[in-house]
Every structure is written in C-alpha cells, then in structure tokens.
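Based on these hints, arrange chain V on the given structure of chain L.
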Amino acid sequence: MEHLFKAITEGPKKTTAEKSSEISKRVRRMVKDLAQKAHEARAKGDPIGYLFIASYYDDILRAMDIVTVGTENYAGLCAAKMDAERFLSKAEAEGYPSHLCTYATCGLGFDALRHELGEMPPNAPDGGMESPTVMLGTGMMICDPRYKWYQAAQRYTGAPMHVLGLLSPPVHYTHFDLEEVKGYYLRYVTEELKGLVDFLERQLGRKMDWDRLSEVVDLSERTTKVWYDAYQLRRAVPAPMPTEDALNCMVPGYFMMGTQEAYDFYCQLYDELKYRVDNKIGTIPDEKYRLLWALNIPPWYALVLFNYFETLGAVFPIEVVYHPVKFEIPTGVTNPLERMAWRFYDSFTRRHEKARAHTGDSVVEWMLELIEDYQIDGVVFHQAMTCRTIHTGLLHQMSVLKKYCDKPVLLLEGDLIDIRNYNEADTHAKIDAFIELLEDYKKRQP
Amino acid sequence: MSGGMALVERIYHNRGKRVRELKAEGRKIIGYLCSLVPVELLTAADLVPYRLTGSMKEPITEADSYLETIACPFTRSAFDLAIKGNYSFLDGYVMPHACDNIVKLYDLWAHNIEHTYGHFVNVPHTLSPPSLEFFTAELSTFKTSLERFTGYDIAAAALRRSVRLHNQQRALVRRLYQLRRRDPPPISGTEMAKVLAAAVSLPVAEANELLKSVISEVGDRSPLRGQKRGVRLMIYGTGNEESTFIEMVEGIGAQVVIDDLCFGTRPYWFEVEATDDLLSGIGKSYLEKINCPRTYRQSPGSHQEDLESRFSYLHRLARDFNVKGAIFFTLRYCDTHCFDAPDVKEYLEGKGLPVLRIEEEYPLSGIGRLRTRVEAFCEMVS
Chain L
0 MEHLFKAITE
10 GPKKTTAEKS
20 SEISKRVRRM
30 VKDLAQKAHE
40 ARAKGDPIGY
50 LFIASYYDDI
60 LRAMDIVTVG
70 TENYAGLCAA
80 KMDAERFLSK
90 AEAEGYPSHL
100 CTYATCGLGF
110 DALRHELGEM
120 PPNAPDGGME
130 SPTVMLGTGM
140 MICDPRYKWY
150 QAAQRYTGAP
160 MHVLGLLSPP
170 VHYTHFDLEE
180 VKGYYLRYVT
190 EELKGLVDFL
200 ERQLGRKMDW
210 DRLSEVVDLS
220 ERTTKVWYDA
230 YQLRRAVPAP
240 MPTEDALNCM
250 VPGYFMMGTQ
260 EAYDFYCQLY
270 DELKYRVDNK
280 IGTIPDEKYR
290 LLWALNIPPW
300 YALVLFNYFE
310 TLGAVFPIEV
320 VYHPVKFEIP
330 TGVTNPLERM
340 AWRFYDSFTR
350 RHEKARAHTG
360 DSVVEWMLEL
370 IEDYQIDGVV
380 FHQAMTCRTI
390 HTGLLHQMSV
400 LKKYCDKPVL
410 LLEGDLIDIR
420 NYNEADTHAK
430 IDAFIELLED
440 YKKRQP
Chain V
0 MSGGMALVER
10 IYHNRGKRVR
20 ELKAEGRKII
30 GYLCSLVPVE
40 LLTAADLVPY
50 RLTGSMKEPI
60 TEADSYLETI
70 ACPFTRSAFD
80 LAIKGNYSFL
90 DGYVMPHACD
100 NIVKLYDLWA
110 HNIEHTYGHF
120 VNVPHTLSPP
130 SLEFFTAELS
140 TFKTSLERFT
150 GYDIAAAALR
160 RSVRLHNQQR
170 ALVRRLYQLR
180 RRDPPPISGT
190 EMAKVLAAAV
200 SLPVAEANEL
210 LKSVISEVGD
220 RSPLRGQKRG
230 VRLMIYGTGN
240 EESTFIEMVE
250 GIGAQVVIDD
260 LCFGTRPYWF
270 EVEATDDLLS
280 GIGKSYLEKI
290 NCPRTYRQSP
300 GSHQEDLESR
310 FSYLHRLARD
320 FNVKGAIFFT
330 LRYCDTHCFD
340 APDVKEYLEG
350 KGLPVLRIEE
360 EYPLSGIGRL
370 RTRVEAFCEM
380 VS
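Protein chains in written order, with numbering that gives the first Met the number 0: chain L, 0 to 445; chain V, 0 to 381.
If we strip away everything but chain L, and leave its shape as in the complex, we get:
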C-alpha cells in the first residue's frame, strides 16, 4: 500500500494511477509506438486515417494498411500529461464553446495550432498527432461529435472525410419487436461498411484484398473473444486486475484491433490474470469493498483517484466502460462485411429484450449482470461535464438501478479532458463519505 499512498501524495503533477498487472504497464510503450508509426507513415507518404474509438470499421483499415491516429486517445494522452489546456484554449479562441466534448475541442485546438504553425506544436506529447490523409467519422445512435468534430476539423486538415452510418434500434417500441427490424438494420450497416471501402479505394487508390479482410475479421473476432474471456477471470476475489489497469488494457482492443499484436496482448493478459487468480494475487492486500465503474469515461487527468479508493480498501474489479463486447454471429454468415455488421448489431442490442422485460434500460441490465458476477458492493458513476453522449441520464440510470438492486451509488463530477471541471478535494470528500456508506451497508448485511 505504501506505493499507493505515495502515488496520491506525490504532488500536483501526478495524474496516472499505479498499476497492478505487469501487462498493463506495457501499454504506454504501445501508445508511443502507435504515434511513431504515424510519424513514419507521414515521412514515407503513406496514408493516415483519423479514427474514432468503437467504430467497428477498424478491420477495413488494417486490411488496407492504413495507419490510424486515435484522436480521442491523443486527447486523453494530453490530459494525462497535463498538456491539454493550450489546445482547449486554442479551440475556444477559434469559436468552439467550452461545453463541447473536450476530446473534440482538444483535437480541434491541436489541429488548429498545427495548421497555424505549419508544423507540430512544440513539445507535443508523443511527437504530436500527424495530419490525416482521411478522416473517418461515424453516424451512430449516440455521440454527435463522431461526425461533427471531423467535419469541423476539415477547416484545419483539409482532409477528405467519410461518415459511416452505424445505426441500432432503441430498447423501447410499443408496437414493434426487435426481430422485425433486425434485417434492414443489418443490411444497412453492411452496405455502409461497403461504402467505406469504396471511399477508401477511391481516395487512396488502393484495392481491398477481400481474402485479407476475411483474415483480419477472423483475427478481430478471436481477439475480442480472448479479451472477453480474460475479463471473466476478473470475477475472482481478490480482484486480480483493477479498472485503472483496464483503462490501459483497452488500448490494443480499441486502437489496434485486427492486428496480431492486439491478439497476443490479450492472450498474455489472460495468462497473467490466470496466474494471479490461481495464486490469489489481488490488487490490494486487504480488499474490503468491490466497486463497479459505470459506463462513464474517467477523468484522464486524474486516474490516480483509483489509487485513492484503494488506500481506503476499495477496489474496482470490473467496469462497464471499455468492456469487451460479447456477440454471436449465426453460422453460415461468411462475408466479412456481414460479419462486421453482426458484431456491431449483436453487441449493441443483446440486452434489449431483457431490458424490455425487466428494467427498461439495457445499461442497467448490464450493470446488474456485472454486480452479480463480480460480487460488487457499490457503483461509482462519473459525470463528465462536456459529454452528452453517455453522461446524461445518469440520474435516471442510478434511480432505476437502485430500484432493482440495493447497493450504494456514488456520482463523481469532472470531465474527460478539462481539469477546470474537476475539484480533487471535493472528489476525495465524496469518496470518503461513500466509503462510510459502504461500511454501513456491509454491517447491515445478514
């Protein structure tokens, strides 16, 4: 525990959390390598694509050898390095309000500055974000910045942009069933993926190798499965790997999907977790409370807060956010684009019917599953003030959850990137009170 106390008291510049697992410590190197690949691609004149997390199109980019820059990831890196403010300020000066998604405004500020200077902003983390050849947005049920951000960025990058339609049905319909709409939803996503291939072929003068795409899709499916299986091991008590490690371990899955490196990473993660479970190696020596981190993006500039929980005997064995998806593809579906469409559709709708019959909210259903499977004592939500995508409706989610499961919940306030929306003392005070509540609940258990 000594190292955790040190982590949270090291001084104002400490942002990242101390990790428990060995493999999660390798991820920083992988992030640097991703940036390096982009720098090399730029030097060689190879195409670079701006990429959004969880856009389900990664396999196409791998199969076409397009180097990707994860723009949200870069904003997170800037926040962790305490170097986001100059980009956020630049975006505000350009006319983007400070309440817009700060992933986006950090990225726009960076693009604006690079455009203005005609070179990388000085001392940019990991050498900076390379200018894209293409920008690949998505039009989904959630997250308007997925297309508005890149549309705005065109004024600085001049790069052609494509928006991939990825729609899924909502939970609620009074006079319809999911099965009745499934066919045209799947057809739509498949055709939109084909549209992305057409766009890339046209823009980059490259032809898709469909056999290669099939191999990549197969690799991605296996990678997702081993990642999912590895996380099942986290059900163990004591928790073999906490959320702060998982926030690193999601990087290969979200920014390198479809590569052998990502697959190998999750195989090794599985092995390490198995070893820790078999040998009862936990995150902290005396695990008193097991917590669930909800479907909320963490404050990337203050991940050390997870260590603060740990000094109080609380650990996060699992999280909803960045959780690997589970999906089933019917036998007989062999076309790679159709397989990709199924992966997207099934992972987005797999709790819809259950929610309709029970809580009415598919995210709450997910949380209830995790609470039971991972023996959770309480749930922590984080309201990121600039994200309307998954950070509004939390109050409703919390009240529905409380109706179906009597566990203490905590709502923290902060932001994705902008530290100006965060108050560390206030956060610690809330956590202290929450721990007391957890203790009280524990005492009341039979």
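What the hints contain is simulated information worked out from the structure, not anything from laboratory work. None of the values given here were measured: they were computed from a predicted structure. For glycine and all other residues, C-beta sits at the position ideal for the given N, C-alpha and C. Possibly wrong hints are sitting among the right ones.
To be verified - Simulated coverage check for chain V against chain L, where a stretch passes if three residues somewhere in it have a Cβ under 8 Å from a Cβ of chain L:
id, segment
1, 136-144
2, 188-200
Claimed, not checked - Taking lysine-lysine and the DSSO-like style, the derived pairs with C-alpha atoms no more than 27 Å apart in a straight line are:
id, chain 1, residue 1, chain 2, residue 2
3, V, K142, V, K22
4, V, K142, V, K56
5, L, K89, V, K350
6, L, K353, L, K406
7, V, K283, V, K323
8, V, K16, V, K211
9, L, K279, L, K406
10, L, K89, V, K344
11, L, K193, L, K325
12, L, K441, L, K429
13, L, K80, L, K24
14, V, K350, V, K288
15, V, K283, L, K181
16, L, K325, L, K353
17, V, K283, L, K193
18, L, K36, L, K80
19, V, K344, V, K323
20, L, K181, V, K142
21, V, K350, L, K402
22, L, K402, L, K441
23, L, K224, L, K181
24, L, K401, V, K344
25, L, K193, V, K288
26, L, K24, L, K325
27, L, K181, L, K287
28, L, K353, V, K142
What the hints assert, rightly or not - Pulled from the structure, derived: some chain L residues nowhere near chain V, Cβ distances all over 12 Å:
id, residue
29, M81
30, V162
31, V188
32, A235
33, C266
34, Y274
35, T330
36, E438
37, Y440
The following block gives chain V in isolation, referenced to the frame of chain L:
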C-alpha cells in the same frame, strides 16, 4: 387586432386547448419532437400530431431529478412539463433520432411518462444511398406501428391526401414568409413566431385555414404612418417556439424578416415529393431537404466548397430577404450547431453579412444583457 392574428394570439397563449377539445371528442393525440418526424404519417392515420415544446415561463424543477443540467435545456424543459403532467392529454409520442439530447430524452420519456403508444424514428446521419433505403424501411416500420396502434390500415389514398395537406401547409407558410420581403414587412418576426407555434398545435387542415386567414389579413396591411424601417435581420440556429427573443430584438427597432430555425422555416422550406412509392418520397424529402446540422452532407472538395455546399441556402435566404446582418442563436448544449459555429460565421461574413453569435439558456437567462449586445450589433450593421 382581428381575424387570423387574433386567433393566433389565443392559440399561442393556450397551445393545448384545441387538442384537449379534440381528445374529448375521441381523437387520439400524438406528441412529437423536432422537425424530423414525418407528420404526414400521423395525419394519415387519423391521429392529431402535436408538436412538443418546453416553456420559457416554467422553471425547470422536476426534470432535474432525471436529466442533468448538461443536457439541452429545451429537451429538459419539455420533459419537465411532461413529468408535471402538462402533456397528460397525449395518447403517445414519437421522437426522431435527431441528436444525442433527443435520443436520451426518448428513453427517459418511455420510462417515466405514461403512454399507450411510443415510437422512435431512426433517422440516418448521412445521405448515402443505403441511408435513403434504410430510412424508407424505417418509415414503413413507423407506418405499421401506427396501424397496429389504431387498428386500421393507412390507405395509400389517405397518405397521399395527408402529403398534399402538409405540402399545402408548407406552401402557405412560405407564402406568408414571402410577404416579409416587403420593407417594412407587414408581419413582424414576433407575430410570425406566434403563427408558427399556433400552426403546430392544430390538426393540419385547421392550421391551413388559420394560415390562409392570416395571409389574407396580413397581406392587406399597409405600413403605418411613421413606421420605421429597422435593420433587417436573419436568425439562424436552434429555435424555440416562443417569441421572447425575437420580440426583444424587434423591441429595439430591428426587423427579423427571415430565419432558419427549428420552429421557423426549417420544417416548411421544402415539399415532400409525392412519388409513386410515397414512403420513399417522404424519406428522401425529410432526409435531404431539412437543413439541420445533425445531417452530414459529404464535402464536395475544398473547405470553401464544403462551406458553400452546407450554407449557401442561408446566403440565398439573406439575399432574397434583403438582410443586413445575421444572428446565430443557439441554445446551450446544442452540440450539432455549436460545432458549426466557426464555419457558419466564416461563411456568412465572407459573403459580407455581419454575424452576431449568441448562446443562451432556455428560458433565456438575461434579457437585459442580450438587449445590449443586439443593440450594439444593430448599430454596427446600420
């Protein structure tokens, strides 16, 4: 005041009165949010569409327990009214996939507001051929759900008649707007906002009669002696159904002669194509012709060409209505509009049209402060 405008005034101040009467007569009332819900289908199903709004006069209190203050204040206000029972006359609701705020509101509404019918129209964000095909399929789902709800098939003739009626309404609204090209315009921006708020509170046939009456009354107006010719302005952005902001602008002597707002021209500046396959025509029209920033239009090439493709219609409106300045008005947390802010400002200013950028709460947070800014802008423009 007499005729159409008197009726407008009465409806504007009691929007739900007529649908409550219709409800008492046995009609079913369906609330809908946003311009992207194809109301033609509701009318064809013999349902009464009623456009949902918030209220500038009602502080948001109950909604705070469900929806955080970082959500769009207009949707929060609409939900607040619903939670307080102000929409108890509704039999059901329809919401489109317009933006993150409305998607979130749909879930909350479904969970917390009593209803017998609830439907979500999933609108693609792009104009690709698969998007058009998808949207047609989605409208077919919408149609079937209405048929199951009412217990009656929507006949092709009924849908065609409905398209005709709603197209007629659009044409009437455009005709009314055309009168505002005069200088000074015979109908103020404030009055126009009230007319449009009244129109979306009535069954389409009644609204059309109201519009005809207003056009007749207003068209005969002649400028009052001594009436000033104020600075002619355009308002672009997120709208709301209330006239408060426009009233303030006009109160300082300017004239709001044209707009591109959710409750303004946006649902009326097009016609639904009455194609053989009507659902396809409705889908194509709603998807392609409603100029909301939530719909991505593929950039044709350079940044300048992109701006031209996205905003040239605003320049055309400004030119046609002889506008001297534009107010880009958005409600706080309207992300799709706010991401466009630097682009639209650059475009319009590049065309020689000064732009005043205003971002506000709903209800408006400080009318005095806003007045000062608008006054300064008008002075600069004139």
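Comparing the hints with the structure gives:
no.: 1; hint: 136-144; verdict: holds (count 5)
no.: 2; hint: 188-200; verdict: violated (count 0)
no.: 3; hint: V/K142 to V/K22; verdict: 22 Å, holds
no.: 4; hint: V/K142 to V/K56; verdict: 36 Å, violated
no.: 5; hint: L/K89 to V/K350; verdict: 25 Å, holds
no.: 6; hint: L/K353 to L/K406; verdict: 21 Å, holds
no.: 7; hint: V/K283 to V/K323; verdict: 33 Å, violated
no.: 8; hint: V/K16 to V/K211; verdict: 21 Å, holds
no.: 9; hint: L/K279 to L/K406; verdict: 26 Å, holds
no.: 10; hint: L/K89 to V/K344; verdict: 17 Å, holds
no.: 11; hint: L/K193 to L/K325; verdict: 23 Å, holds
no.: 12; hint: L/K441 to L/K429; verdict: 18 Å, holds
no.: 13; hint: L/K80 to L/K24; verdict: 16 Å, holds
no.: 14; hint: V/K350 to V/K288; verdict: 23 Å, holds
no.: 15; hint: V/K283 to L/K181; verdict: 22 Å, holds
no.: 16; hint: L/K325 to L/K353; verdict: 15 Å, holds
no.: 17; hint: V/K283 to L/K193; verdict: 21 Å, holds
no.: 18; hint: L/K36 to L/K80; verdict: 20 Å, holds
no.: 19; hint: V/K344 to V/K323; verdict: 14 Å, holds
no.: 20; hint: L/K181 to V/K142; verdict: 17 Å, holds
no.: 21; hint: V/K350 to L/K402; verdict: 57 Å, violated
no.: 22; hint: L/K402 to L/K441; verdict: 19 Å, holds
no.: 23; hint: L/K224 to L/K181; verdict: 23 Å, holds
no.: 24; hint: L/K401 to V/K344; verdict: 46 Å, violated
no.: 25; hint: L/K193 to V/K288; verdict: 25 Å, holds
no.: 26; hint: L/K24 to L/K325; verdict: 26 Å, holds
no.: 27; hint: L/K181 to L/K287; verdict: 44 Å, violated
no.: 28; hint: L/K353 to V/K142; verdict: 26 Å, holds
no.: 29; hint: M81; verdict: 24 Å, holds
no.: 30; hint: V162; verdict: 5 Å, violated
no.: 31; hint: V188; verdict: 9 Å, violated
no.: 32; hint: A235; verdict: 34 Å, holds
no.: 33; hint: C266; verdict: 36 Å, holds
no.: 34; hint: Y274; verdict: 42 Å, holds
no.: 35; hint: T330; verdict: 26 Å, holds
no.: 36; hint: E438; verdict: 27 Å, holds
no.: 37; hint: Y440; verdict: 23 Å, holds
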